[in-house]
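Novice: Sequence:
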Amino acid sequence: FYTTAISRHLSEQLDLDAALASGISIYTGLIPEMQSCAENAVQKGLESLEKNYAALAKAPQKIEAGLVAIEPFSGKIRAWVGGRDYSVNQFDHVDLASRQIGSTVKSFLYLTALDSGLNNYKVATPVTILSDTPMEVRLVANKTWQPENYDHQYRGDVTLRYALEHSLNIPAAYVGQKVGPENLLRTLRLFRLGDDLQPVPALALGAADTDLLSLTSAYAALANGGVYVSPRIYISALDQEGHNVLNSEIFEERVADENAVFVLTNILQGVVERGTGNIARRLGFERAAAAKTGTSNDTRDAWFIGFTPNLAAGVWVGYDDNGKLGLTGGVAAGPIWTEFMKCSEPFYPAMDFIAPPGVVFVDLDRRSGDRVTRSCPSDEVVREVFVSGTEPSNRCRFYPESGSQEAPPTDLPDEPVHRRRKGFWEILFG
Numbered sequence: 001f002y003t004t005a006i007s008r009h010l011s012e013q014l015d016l017d018a019a020l021a022s023g024i025s026i027y028t029g030l031i032p033e034m035q036s037c038a039e040n041a042v043q044k045g046l047e048s049l050e051k052n053y054a055a056l057a058k059a060p061q062k063i064e065a066g067l068v069a070i071e072p073f074s075g076k077i078r079a080w081v082g083g084r085d086y087s088v089n090q091f092d093h094v095d096l097a098s099r100q101i102g103s104t105v106k107s108f109l110y111l112t113a114l115d116s117g118l119n120n121y122k123v124a125t126p127v128t129i130l131s132d133t134p135m136e137v138r139l140v141a142n143k144t145w146q147p148e149n150y151d152h153q154y155r156g157d158v159t160l161r162y163a164l165e166h167s168l169n170i171p172a173a174y175v176g177q178k179v180g181p182e183n184l185l186r187t188l189r190l191f192r193l194g195d196d197l198q199p200v201p202a203l204a205l206g207a208a209d210t211d212l213l214s215l216t217s218a219y220a221a222l223a224n225g226g227v228y229v230s231p232r233i234y235i236s237a238l239d240q241e242g243h244n245v246l247n248s249e250i251f252e253e254r255v256a257d258e259n260a261v262f263v264l265t266n267i268l269q270g271v272v273e274r275g276t277g278n279i280a281r282r283l284g285f286e287r288a289a290a291a292k293t294g295t296s297n298d299t300r301d302a303w304f305i306g307f308t309p310n311l312a313a314g315v316w317v318g319y320d321d322n323g324k325l326g327l328t329g330g331v332a333a334g335p336i337w338t339e340f341m342k343c344s345e346p347f348y349p350a351m352d353f354i355a356p357p358g359v360v361f362v363d364l365d366r367r368s369g370d371r372v373t374r375s376c377p378s379d380e381v382v383r384e385v386f387v388s389g390t391e392p393s394n395r396c397r398f399y400p401e402s403g404s405q406e407a408p409p410t411d412l413p414d415e416p417v418h419r420r421r422k423g424f425w426e427i428l429f430g
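Residues in the sequence shown are numbered from 1 upward in steps of one, following the working numbering.
These are computed hints drawn from the structure, not numbers from a lab. Mixed in with the good hints, there may be bad ones.
Quick list of the computed label-pair ranges, beta carbon to beta carbon [unchecked claim]: (1) Thr373 / Pro32: 25 to 31 Å; (2) Asn247 / His152: 50 to 56 Å; (3) Asn322 / Gln198: 19 to 25 Å.
Since the structure is predicted, the reported quantities are computational estimates derived from the model, not experimental observations. Idealized CB from N, CA, C, for every residue including glycine.
Please build the complete structure, drawing on both the sequences and the hints.
Specialist: Next comes the structure, spelled out in structure tokens:
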């Protein structure tokens, strides 16, 4: 798959047949051992799915997959698997298949809310309270849109962190309305997604098509602190004398504030620790990692896009005829991603995500969301990260057991609250 992809891209810039006949040498960033890891992960993962889900094994066609791994700061392609068997199906699911991205869009939605440079309003924070209750959006021609969560349940008030970690649809739709579809579309285009998209409300839930290479490159920009680096299909092409015939220069552009990106990344780490991407931990991947799952309408596409500080990888699973897969991104694509990342550990050092100077970590009282004082019970303290200047200023109050007024409940960071109170966006916009 990868050599064919290189040929496609080089053919756009030179007479490839003539160049090869003249003895041209093509250099890439592929690491052979990581390529083997990727091929084995895809094969093992798809076979496991067909073994454990009878409907997949009995389907008239085989499920397909794509996997690509990118070094965030250089754009080098480290592994590329376009499908399960090139001898049977030559269609490349890395850069030729444009599929609905589902909930993977939520990372960029919430980044738009967290980054003051990406929206026209005050920034949100991980503890911003969002509503997870029935909502209706009025569209043109007297039509309406009523988003629902995957499990058709409502959780009342939740924090932004909880909503993203658990990929809730209704809070995402709510934020999409407040930041505006136009601002979300602008963010997607900065990350080289969404060239052909329209600013519609459903964009907040992933009503957008793109390919795996583009989506993984966008997440690689998050791993790179908000600096987008174009993926480099090849590095250079040299003639027999060693002269450069073609050279793939590094193109990079800052597309988001590094502090807001770090806050988002910290939340996406929670996706891996306790959210929809927890399969990675349950299958034994122990390194610091951030990820987002995605499942398109009618479970036709399953995505798992994630990264460590020095490697981004994306996996797509689905059918070529756009048939219903019936599995979520965490179930179908998560094990493949995890197997690849575990196998690739010898080729990248373990690293932690390093906080930039413009963020602060603050101890908060879980019940009130206020800053901790000595009066707060120690078992109710959680640590949260904020872009500096957006952290809460209120101090924790005594609880009734201590003879003072009860603090209002909130959700910090992983327990939904079912009592209604005015949320962050309502305070701003009514």
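Novice: State, for the Cβ atoms of Asn322 and Gln198, whether the hinted interval 19 to 25 Å holds or is violated.
Specialist: 20 Å, holds
Novice: Can the suggested window of 25 to 31 Å be confirmed for the beta-carbon pair Thr373 and Pro32?
Specialist: 57 Å, violated
Novice: Are Asn247 and His152 spaced within 50 to 56 Å by their CB atoms?
Specialist: For His152 against Asn247, whose Cβ atoms are near 53 Å apart, the range 50 to 56 Å holds.
Violated hints amount to a single one, hint 1; each of the other numbered hints is respected by the structure.
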